[in-house]
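Q: Whole structure, please, built from the sequences with the hints as guidance.
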Amino acid sequence: MQQDKQTRGGARLGAGRKKGSSVYGETTKAIRVPESMIPEVKIMLSQRKLQSTELASVYRPDQQASSISIPLFSSKVSAGFPSPADDYIEKTLDLNDLLIQQPAATFFVRAEGESMLGAGIHPNDILVVDRSLTATVGKVVICALNGELTVKRLKSIGEEIILGAENPEYADIIVKQGVDMLIWGVVTNVIHPL
Amino acid sequence: MQTPLIALVDCNNFYVSCERVFRPDLINKPVAVLSNNDGCIVARSQEVKDLGIKMATPVYKVQHLIKRHKIQLFSSNYTLYADMSQRVMQCLEEFSPQVEVYSIDESFLDLTGLCANNSHHYGLGIRNKVYQSTGITVCVGMAQTKTLAKLANYAAKKWHKTGGVLDLSDPTRRNKLLKITPVDEIWGIGRQTAKRLHIMNIHTAYDLSIQQPETIQKQFNVVIARIVMELNGTSCLALEDIQADKQQIVCSRSFKRRLTDYPELSEALACFARTATEKLRKQKSVSSSITVFIRTNPHNPEEPNYQRSISSTLAHATNDTRQITRIAKRLLREIYKSGFRYQKLGLQLGHIQNKTTPNQSDLFSLIPEDNSEPLMQVMDKINRQFPKAIKLSAEGLTNTWHVPVEYLSQHYTTNWDELAVVKCC
Chain R
21 MQQDKQTRGG
31 ARLGAGRKKG
41 SSVYGETTKA
51 IRVPESMIPE
61 VKIMLSQRKL
71 QSTELASVYR
81 PDQQASSISI
91 PLFSSKVSAG
101 FPSPADDYIE
111 KTLDLNDLLI
121 QQPAATFFVR
131 AEGESMLGAG
141 IHPNDILVVD
151 RSLTATVGKV
161 VICALNGELT
171 VKRLKSIGEE
181 IILGAENPEY
191 ADIIVKQGVD
201 MLIWGVVTNV
211 IHPL
Chain H
12 MQTPLIALVD
22 CNNFYVSCER
32 VFRPDLINKP
42 VAVLSNNDGC
52 IVARSQEVKD
62 LGIKMATPVY
72 KVQHLIKRHK
82 IQLFSSNYTL
92 YADMSQRVMQ
102 CLEEFSPQVE
112 VYSIDESFLD
122 LTGLCANNSH
132 HYGLGIRNKV
142 YQSTGITVCV
152 GMAQTKTLAK
162 LANYAAKKWH
172 KTGGVLDLSD
182 PTRRNKLLKI
192 TPVDEIWGIG
202 RQTAKRLHIM
212 NIHTAYDLSI
222 QQPETIQKQF
232 NVVIARIVME
242 LNGTSCLALE
252 DIQADKQQIV
262 CSRSFKRRLT
272 DYPELSEALA
282 CFARTATEKL
292 RKQKSVSSSI
302 TVFIRTNPHN
312 PEEPNYQRSI
322 SSTLAHATND
332 TRQITRIAKR
342 LLREIYKSGF
352 RYQKLGLQLG
362 HIQNKTTPNQ
372 SDLFSLIPED
382 NSEPLMQVMD
392 KINRQFPKAI
402 KLSAEGLTNT
412 WHVPVEYLSQ
422 HYTTNWDELA
432 VVKCC
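Protein sequence lines correspond, in order, to chains R and H. Position one of the first sequence corresponds to residue 21 (our numbering), numbered consecutively onward. Position one of the second sequence corresponds to residue 12 (our numbering), numbered consecutively onward.
These are calculated hints, taken from the structure and not from any lab test. Source: prediction; values computed, not measured. Hints should not be assumed to be uniformly reliable.
As the list claims (entries may be wrong) - Only pairs whose alpha carbons sit at most 30 Å apart, straight line, appear in this in silico DSS-like list of lysine-lysine: (1) R/K62 to H/K190; (2) R/K62 to H/K229; (3) H/K140 to R/K196; (4) R/K175 to H/K140; (5) R/K196 to H/K81; (6) R/K62 to H/K206.
A: Take a look at the structure:
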């Protein structure tokens, strides 16, 4: 047997490091390096070591947890007869899918006042605002007017910007050039409790 | 091989910018954000910087300027800043497959091969996207290495002509900047190192970049030698895509109202122990070294000064809130002296290791076979759903040590009751 032959020293089968088991993931070899280049080579090797040990992966932050999910289909199993509909369950509906396209750019704000009743915005409603959308004529926008966040319908963009109310009791606001105004975001949805 | 291109994206006056997003009336007005206990200024708008108020200035020292220039103060609203930070980082992911979140307001992006000839344009794209989505202004510094990218960012912030975006890949441009940058401004050069470099007649970043890395390594260490190589465009610091677990966890607070009694200090300490062990369990680690430190206000010459710290090493590493609280309280008992007005108290957990790492067992004690793990799991689960619902009685019920901060803004993005109000008028 193998073992009997090897009782007097010499190389043993399977002894020593496995091939390719070094920190670099392959076999290594001793070489002579000019002294001046030692730091450079060491740095190169340490990087190589990092590369072989670290798995490249894409960093993802936690997605915002969704709110309540409502099952599309649900049925109780009674007396051993499973509902035939169970096979058709596909997904649950998530309001976030409906209301939020760009999570990083979506903010909620609360409305105050009655100038936008015509657009369906009542006092105390929650507005879903997407900052990443471009404000175009006809959109309901949040703008910072004289330092105050205000909701208006953008009626025209030209030399003057016209911000319209949606309530006959309120006049439009004409913003001349040079007036302190910036568009903060575009309102995409209104959450209105009944 | 492609030339690497690393970008550092850094938010401008991040905490101040977060507050201004929801308070447009404060744009172009002086704004400062204060530290945890409203003690020092930790973030300044450009207007405040222009008044000559330095970072970490105690509020009481600049009270006259605050009044005269009507500086708007804010207590730090970390809930808001963390949410805004996450939004910014989410935007950045669109621009690079590899993003290293370096701190709450800066990230390294690997842009290698992504914007061949028009890096400036790409940088402006990043800047616009982040501003449009979040209202936060960022600066983008680009170069072959992290150290140079950091420097490019510093320059992009400092010189408005850059438009907030600067690519330092070009060697001529790089050297021009290195020559006018003090060596102290380089990322990774600390005050002591800078002092020694000055003695060696190395004053600018350029002076350092023309040194031989091996000479520097002999005189300093490999870290500084790497900086020299990085300044020459040889990348030595890789992007770390996964944040390493913390090696130590510190939980401390400066008290707005000085504390004198042991029971109050002990309740505060129990609260720190809860926070620290929660963090420990979140990264699935255990700790076997506990340090408690305490001090009076060292800057007040009229009061007796006292400061002590004390450590204890545990036979078994643990992350059990009960055990760590018990030991911390015992340690505090040993260093506490009555008759002093304490300003700061803290707890530090060290020797942190992965929970699965086999532990050398203590010869003289039996391995505790208790309910610790399931109990802590249940506690964490409940507290995740109902924040701070379950605590040890050691924390007390009143939290008298905690004086509410004065200038806290709303949690605009994380609490339905605190949304920003928009006017329909």
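Q: Please go over all the hints and tell whether each is borne out by the structure.
A: Quick rundown of the hints versus the structure:
1. With a CA separation close to 28 Å, the supplied pair R/K62 and H/K190 stays within the 30 Å bound.
2. Proposed proximity of R/K62 and H/K229 is supported: the alpha carbons are some 14 Å apart, at most 30 Å.
3. With a C-alpha separation of about 27 Å, the suggested pairing of H/K140 with R/K196 holds against the 30 Å cut-off.
4. At roughly 25 Å between alpha-carbon atoms, R/K175 and H/K140 fall within 30 Å of each other, so this suggested pair holds.
5. As the CA atoms of R/K196 and H/K81 are separated by approximately 29 Å, the hinted pair is consistent with the 30 Å bound.
6. Among the hinted pairs, R/K62 with H/K206 is consistent with the structure: their alpha-carbon atoms are about 27 Å apart, no more than 30 Å.
Violated hints: none; the structure is consistent with every hint.
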